[in-house]
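**Student:** Sequences are here, hints too, so could you generate the full structure?
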Amino acid sequence: MLDVRGLRKVYEGSGRRVEAVRDLTFTVDAGELVCLVGPSGCGKTTLLKCMGGLLAPTGGEVLLEGRRVTGPPPGMAFVFQEYGRSLFPWMRVGENVELPLKQKKLSKARRRELVRDALHSVGLADAVGAYPWQLSGGMQQRVAIARALAYEPRVLLMDEPFAAVDAQTRADLEDLVRRLWRERGITILFVTHDIDEAVYLGERVLVLSASPTVVQEQLKVDLPDARDQLNTRVSARFAELRTHVYEQIQAAKRGGPVTKSEAVPKSDGRPSH
Amino acid sequence: MKGLNTLLGTAGLAAFLALGEAVPRLGLVKEEYFPPTGEIADALATELADSAFWSALGDTLTGWALGLALASCAGIVAGVVISVVPYLREATASTIEFLRPIPSVALIPLAVLLYGTELRSVLLLVVYASFWQVLIQVLYGVQDVDPVADETARSYGLGTWARVRHVLWPTALPYVMTGVRLAAAVALILAITAELVIGAPGLGSRIAVAQTSQAVPEMYALIVVTGLLGLLINVGARTVERRALGWHQSVRGEVAV
Amino acid sequence: MRTLLLRTVFVLALPAVLVAVWWVASEDSTDVYWPPLSTILETFPDVWTADRLTGDVVPSVLRLSGGYALAAVVGVGLGTVIGSYRRVRAVCEPVLEFLRAVPPPVLVPVIMLFAGIGDTMKVTVIASGCVWPILLNTVEGVRAVDPVMAETARSYGLTGAARLRHVVLRSASPQIFAGLRQALSIGIILMVISEMFAASNGLGFTIVQFQRSFAIPDMWTGILVLGLLGFLLSVVFQLVERRVLGWYHGLRAATRRSP
Numbered sequence: 001m002l003d004v005r006g007l008r009k010v011y012e013g014s015g016r017r018v019e020a021v022r023d024l025t026f027t028v029d030a031g032e033l034v035c036l037v038g039p040s041g042c043g044k045t046t047l048l049k050c051m052g053g054l055l056a057p058t059g060g061e062v063l064l065e066g067r068r069v070t071g072p073p074p075g076m077a078f079v080f081q082e083y084g085r086s087l088f089p090w091m092r093v094g095e096n097v098e099l100p101l102k103q104k105k106l107s108k109a110r111r112r113e114l115v116r117d118a119l120h121s122v123g124l125a126d127a128v129g130a131y132p133w134q135l136s137g138g139m140q141q142r143v144a145i146a147r148a149l150a151y152e153p154r155v156l157l158m159d160e161p162f163a164a165v166d167a168q169t170r171a172d173l174e175d176l177v178r179r180l181w182r183e184r185g186i187t188i189l190f191v192t193h194d195i196d197e198a199v200y201l202g203e204r205v206l207v208l209s210a211s212p213t214v215v216q217e218q219l220k221v222d223l224p225d226a227r228d229q230l231n232t233r234v235s236a237r238f239a240e241l242r243t244h245v246y247e248q249i250q251a252a253k254r255g256g257p258v259t260k261s262e263a264v265p266k267s268d269g270r271p272s273h
Numbered sequence: 001m002k003g004l005n006t007l008l009g010t011a012g013l014a015a016f017l018a019l020g021e022a023v024p025r026l027g028l029v030k031e032e033y034f035p036p037t038g039e040i041a042d043a044l045a046t047e048l049a050d051s052a053f054w055s056a057l058g059d060t061l062t063g064w065a066l067g068l069a070l071a072s073c074a075g076i077v078a079g080v081v082i083s084v085v086p087y088l089r090e091a092t093a094s095t096i097e098f099l100r101p102i103p104s105v106a107l108i109p110l111a112v113l114l115y116g117t118e119l120r121s122v123l124l125l126v127v128y129a130s131f132w133q134v135l136i137q138v139l140y141g142v143q144d145v146d147p148v149a150d151e152t153a154r155s156y157g158l159g160t161w162a163r164v165r166h167v168l169w170p171t172a173l174p175y176v177m178t179g180v181r182l183a184a185a186v187a188l189i190l191a192i193t194a195e196l197v198i199g200a201p202g203l204g205s206r207i208a209v210a211q212t213s214q215a216v217p218e219m220y221a222l223i224v225v226t227g228l229l230g231l232l233i234n235v236g237a238r239t240v241e242r243r244a245l246g247w248h249q250s251v252r253g254e255v256a257v
Numbered sequence: 001m002r003t004l005l006l007r008t009v010f011v012l013a014l015p016a017v018l019v020a021v022w023w024v025a026s027e028d029s030t031d032v033y034w035p036p037l038s039t040i041l042e043t044f045p046d047v048w049t050a051d052r053l054t055g056d057v058v059p060s061v062l063r064l065s066g067g068y069a070l071a072a073v074v075g076v077g078l079g080t081v082i083g084s085y086r087r088v089r090a091v092c093e094p095v096l097e098f099l100r101a102v103p104p105p106v107l108v109p110v111i112m113l114f115a116g117i118g119d120t121m122k123v124t125v126i127a128s129g130c131v132w133p134i135l136l137n138t139v140e141g142v143r144a145v146d147p148v149m150a151e152t153a154r155s156y157g158l159t160g161a162a163r164l165r166h167v168v169l170r171s172a173s174p175q176i177f178a179g180l181r182q183a184l185s186i187g188i189i190l191m192v193i194s195e196m197f198a199a200s201n202g203l204g205f206t207i208v209q210f211q212r213s214f215a216i217p218d219m220w221t222g223i224l225v226l227g228l229l230g231f232l233l234s235v236v237f238q239l240v241e242r243r244v245l246g247w248y249h250g251l252r253a254a255t256r257r258s259p
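Line order of the protein sequences matches chains C, Z and D.
Our numbering numbers the first residue of the first sequence as 1 and each following residue consecutively.
Our numbering numbers the first residue of the second sequence as 1 and each following residue consecutively.
Our numbering numbers the first residue of the third sequence as 1 and each following residue consecutively.
Read the hints as simulated data drawn from the structure, not as lab findings.
One or more hints might be untrue.
Claimed, not checked - Estimated spans, in silico, between C-beta atoms of each pair:
no.	chain 1	residue 1	chain 2	residue 2	range
1	Z	ALA149	C	LYS253	33 to 43 angstroms
2	Z	LEU113	D	VAL74	30 to 40 angstroms
3	Z	TRP169	C	ARG16	27 to 37 angstroms
4	D	VAL17	Z	GLU118	27 to 37 angstroms
5	D	ARG256	Z	LEU158	18 to 28 angstroms
6	Z	VAL23	D	ILE117	21 to 31 angstroms
7	D	GLY246	Z	GLU90	20 to 30 angstroms
Note that the structure is a prediction, hence the values are computed from the model and not measured.
From the three backbone atoms N, C-alpha and C, an ideal C-beta is built for every residue, glycine too.
**Tutor:** What follows is the structure, given as structure tokens:
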């Protein structure tokens, strides 16, 4: 579905060369929910923007369904961390969700149906006529998610979408993403710096190294499909997985080699894909 | 990056001047209406050598500076008083909203009758126009005072004067600076207008004389001078503002009033 | 109910006091230049007849709206182009800074050379004075489009005209309106003085005629009419602004409540 091959990104500007991403190769299967974690400043956002066609990679390529991504592909939607700046404050919630659909040249009736359905899905059916800034942070991010859903993407890229909301809201939003993923069968690539979030959400977790970024490890999350905040998070398996990811990230921060580590969670998961 | 921008800007300026030379030379517009850059430059050089020009410049600057100073002081004092005295703000709001948009040029006939071509004519227009710029910004600035800071000051028993000095004034200062900067530009416009229309001595009346005597290159040269003067005032005011507020965490943007 | 009453008192009290003071202070005035307010008000209906309104006020307002609209179209159009391209901006900036700094009234003699003394001259004068604040503010606003918003638009395939209409211009609109507001007061100034220079009708022309013929109370009524016009235009502007920028004021209030 989504192939990243030898991706490399070097920023050049004002005489400085920063190699943000060195050599990334991985695959996301159709209908998969993959979480990317890594130490802060490890080029996660750069990677995601390259995948979304917002940045041109210096080397390597990104393929969506076998086709090379050169600009934002129509089958892909992006959810940004800065919901407050990603929603247009001069448009009401409904208009915000509808705007990309107008660009797709859909009929008015179809647009209205998609908007209603998407807002209903995120539990904001009543907020169509409100302005984004009249809503709380969590609700704004729901609107941003609804906008992405209405766009009917096959792939959803989410860039630390819940980093700026409070813990309670965050848990709700995580469950929302899980639910939408199961209901709609979209492929989701979810970037986060929060290990718990990555393990809780993902079917698979990719651990990235510190910048210049490579894939440090791939880890299958063998938690049951139906997850909930209360039971999943206290299960022994969850604790094992998160400890493992934590160690990997610590190793990544030290820049050390991938120590095939202390507590490898070998039960039935594949360490790599 | 910065070097490149300067280069591009210089190129733009050069192109502008070259265009000014080429357009009349090629006969695209009549030379007697739009003299080439070179002729304007010659006329400018002649002007600069003329002592009458310098006294006109002095007159304009006097009217501008005096008017701006008067308007700024009056605006600041009025703004602070209106904000500090209870209920005064509410009571004056409608009056300010009514008086502010009255175009100062409406006062031209009155100024002519009362003061003729004296400096006071210029001052009347300049002060009226710039006063509102300062006053409005001061009012906005005072509104921006953090209520917690003000309550803290109150709870420590600071009197009105001490609160004005230590809480209100520092908060309002960036806005005051913005107001004075805007007022400086407006003051120049009105000073030149008064000279041009009423005939009070200064660059404006010199432009009017050049116009009536068909001395077109001189007229353009004088206009260039007023433009440079305006540029100098803008840049100067912005620099002063930035210097004075270097300590401030955010040099605030202009309030859209 | 009480608060409404109180607010009305606040709105009306000071203007009433000021008018009363003017009335009383000028009551027995024998100074030719300061006629009693009662005389001015008595003269008012005689001077500003329906003929006067159509003959002088309407042409002035038409010239102003023509020049202002022209300046708005040119300013926003050019400003969007210049603001969108970094290089173009760098090239134009010094020239624009200079042109903006030229006090607009000195344009009157220049434009008279080209356009004579007719309506074209006045509309051109107004337009060429109003265009700079609109242009420069548009450049600033377009330049400052939030990068996250720009990327959002891009990722959802918003390009070209749709991007300009739904994102760039909307996001720049608070700044554009700040420019339009500055331009409005400049426009009124230019309307008046271009008519003072050379005209056969219009508000500026009429007021100067009164002054020259020493019809002092008439002149005062003219000043009042100009003041009223300025006030009315500002009210209209505010109504439009509140409609178009409602979201912006709401957004600002919301961010102020929760910083």
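**Student:** Would you list, in rising numerical order, the hints stated earlier that this structure does not obey?
**Tutor:** 3
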